[in-house]
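A.B. asks: Please model the entire structure based on the sequences and the hints provided.
2 protein chains.
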Amino acid sequence: MKAEIVNVGDEILLGQIVNTNATFLSKALVSAGIEPKWITVLADNREAILNGLKIALKRADVVVVTGGLGPTHDDLTKYAAAEFFQSPLKINPDIYEGLKRRFEERGRPMPEVNRNQAEVPTKATILSNPIGTAPGLLFEKDGKLCFILPGVPREMERMTRESVLPILARRFEKKRTCLRFKTLRTTGIFESKLMEVLGDVQKIEQVAKVAFLPHFYGVDVRLTVKSNSDSECEERLKKAEALVRARVERYIYGVDEDTLEQKVAELLFQTKQTVAVAESCTGGLLSHKLTNVPGSSDYFDRAVISYSNRSKIENLGVSPHTLEQFGAVSEETAREMAEGVRKMAGTNWGLSTTGIAGPGGGTAEKPVGLVYIGLSGEEESTVRRFIFTTDRLANKERAAYAALEILRRRLLKFI
Amino acid sequence: MKAEIVNVGDEILLGQIVNTNATFLSKALVSAGIEPKWITVLADNREAILNGLKIALKRADVVVVTGGLGPTHDDLTKYAAAEFFQSPLKINPDIYEGLKRRFEERGRPMPEVNRNQAEVPTKATILSNPIGTAPGLLFEKDGKLCFILPGVPREMERMTRESVLPILARRFEKKRTCLRFKTLRTTGIFESKLMEVLGDVQKIEQVAKVAFLPHFYGVDVRLTVKSNSDSECEERLKKAEALVRARVERYIYGVDEDTLEQKVAELLFQTKQTVAVAESCTGGLLSHKLTNVPGSSDYFDRAVISYSNRSKIENLGVSPHTLEQFGAVSEETAREMAEGVRKMAGTNWGLSTTGIAGPGGGTAEKPVGLVYIGLSGEEESTVRRFIFTTDRLANKERAAYAALEILRRRLLKFI
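Protein chains in written order, with the numbering used here: chain A, 1 to 415; chain B, 1 to 415.
These are calculated hints, taken from the structure and not from any lab test.
Don't take each hint at face value.
[Stated by the list, open to error] Using 25 Å as the maximum straight-line C-alpha spacing, the simulated BS3-like pairs for lysine-lysine come out as follows:
1. Lys58(B) with Lys58(A)
2. Lys58(B) with Lys2(A)
3. Lys366(A) with Lys100(B)
4. Lys2(B) with Lys209(B)
5. Lys2(A) with Lys54(B)
These numbers come from a predicted model, not from an experiment.
C.D. replies: Below is the structure:
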């Protein structure tokens, strides 16, 4: 069972809005066991819609169209669909009365322009729209289904849940496939290195499809399983996850929507430990992430964002001698920053960053992207050195992620 | 001139990510005077890509494809394009050396899997990727152009600006229509109030289309003009902007892609003034924004993120008496935080935030969303009180924006 999502609307084509309707419909169709294979955005134009419908109904079993059902002159979807399915339009008295009542309830007469919303193709099944004026339509042709829904997200979402999904469930009960995903989120390892450590991906692929999704802060490994049986689906997904975890467990900080800061927070909550932060090159981003988690005041005591050397000396107790001899971006300074903030705050951990975020300020010896991350604990302090990129914002993000990951691994006693 | 955007990626089809690449490309193409008429999302599948290219190159003059250029086994776009354009693949020694160097600079050998990224179709023009490993490609056929770019947004965006748009400008100078937008960005004023202050929008609409785009941190006013003449386009846009500015100038912090922190930074750079920050509820976000601007060490000295009361006393000199009598979330504490950090750092300005970010921690007297923002200068200190929402992350964002806007208006002597 293949599906195509068709979104009609110039505002999407011009980049004025992001096509979140497609994202919602994708998830809805996947949950119904029907795979979206194409998403197409079309202009508010009769010919474009006709051609789009032609292509979609040729290649897909289920087509879901959104948008262009309103009452104005550039709402053309219904007319194009009527033409495509060769179905004349006729005023539907029930819809007409419903519209009139809707406006009366709001204490005003129905504008003439809305009258045409009661006009529907005679061959279509009407899908009621409980919160808007444009009804949805369902056409059937050669065993294929074509749903047409309004583009207003709230109306489209509700009608998908209340009409489209139940109809699909009834119609395709036997043909539907179970499609399940799980995303294993890693950080601190490059995509290519991750693939190397994972080894023979083909072995995992016998059980589940494997995709690597690199973000600049880490690589997600997405497992996808497709099967006719729900139980087999679950079982294979579990097996694939176990295969991946057996090899790269230490790099996996969470699954699906988990964030690294959440996982660090959970570890700190569980063990009732606390952290203080001394940031230079990350400029507040590390603290921002750590305080995004509700309840973070339980583990986060304070941070000093020490951009100036004076602040490193005054607020963190970094020795002027260290700054002079090794510079602000050095292993020694990172160590003293982490130790200083831990001591001052009286926390279990002190975490520090110092580096050259860029784009300026680099030298041959200390290039843009050079970052030291210090972690001071009760037993010892460690500093790690990184070379990131030449992009300021990416460097801040990467350094903040690296710092969180170092703390996570230490809390798990991986390092 | 008609364009089609083709995004390759199962993760979009499955609803795992929102297709923001299409939105970026739509805007970019429109800015180049070429109207996107179709957006198509295709599966990571050879046949799907081949068919998608066939349809796109039949109906559009310019096709921009993104995604599927990485080094892994499900990156198939390059191979499908080579097949479609009947162009054999060959290792490009320059790209190969560049890749090797890229890895060497990071102190590690190039993984074998990356080798195939140096393999390019011989008929394609190479578009360099300054921040990633996958080069872009440009194919030409029957006077039509087909750009192929990586799916990583940062890489795709940079290559669009640096390669795609200049090439389009050279090739299609005469065929394009002028479609111009300008976004006037406001903050610190509600949409309804903004419309009220703007008054008769119809008057502006005689010159340009006006749209209000509310974000949770402010309202953008977008002006759109379409014309066959570049000069008329520019003139009408200027006129519309002047009409808006005449009424709401003080709320407009910038245009188009400007950020509030950039504008604040410009004012600080120009006047050689400095700022230090004391954050509580914003948890580092305000400092993060202030340090996102290259060269920010010229004006940003330090920040203290004082989550604990002890930190407010120790690092900022807030009086224990104030904390006890008025609480950490109070006008008095906000004032002492701003004054304390300014004094300690010896900067021109001290900016502070204290509030209840939520979701927990609210009381009847001090609800979630209550935020005080303090600004201390050489002459006086002021504190403003806000009530934002119940959402933690939105509260952090809104409070950080409000703090930046207060500083901006003070620097401009509006307040």
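A.B. asks: A separate judgement is required for each hint: does it hold in the structure or not?
C.D. replies: Evaluated hints:
A threshold of 25 Å between alpha carbons decides the hint, and for Lys58(B) with Lys58(A) the separation of about 17 Å falls inside it, so the pair holds. Between the alpha carbons of Lys58(B) and Lys2(A) the distance comes to roughly 24 Å, so the proposed pair stays at or under 25 Å and holds. Using a Cα cut-off of 25 Å, the hinted pair Lys366(A) and Lys100(B) holds, with the two alpha carbons roughly 21 Å apart. Restraint check for Lys2(B) and Lys209(B): the C-alpha separation of about 22 Å stays at or below 25 Å, so the hint holds.
The suggested pairing of Lys2(A) with Lys54(B) holds, with an alpha-carbon distance near 20 Å, which does not exceed 25 Å.
Consistency note: the structure conflicts with none of the earlier hints.
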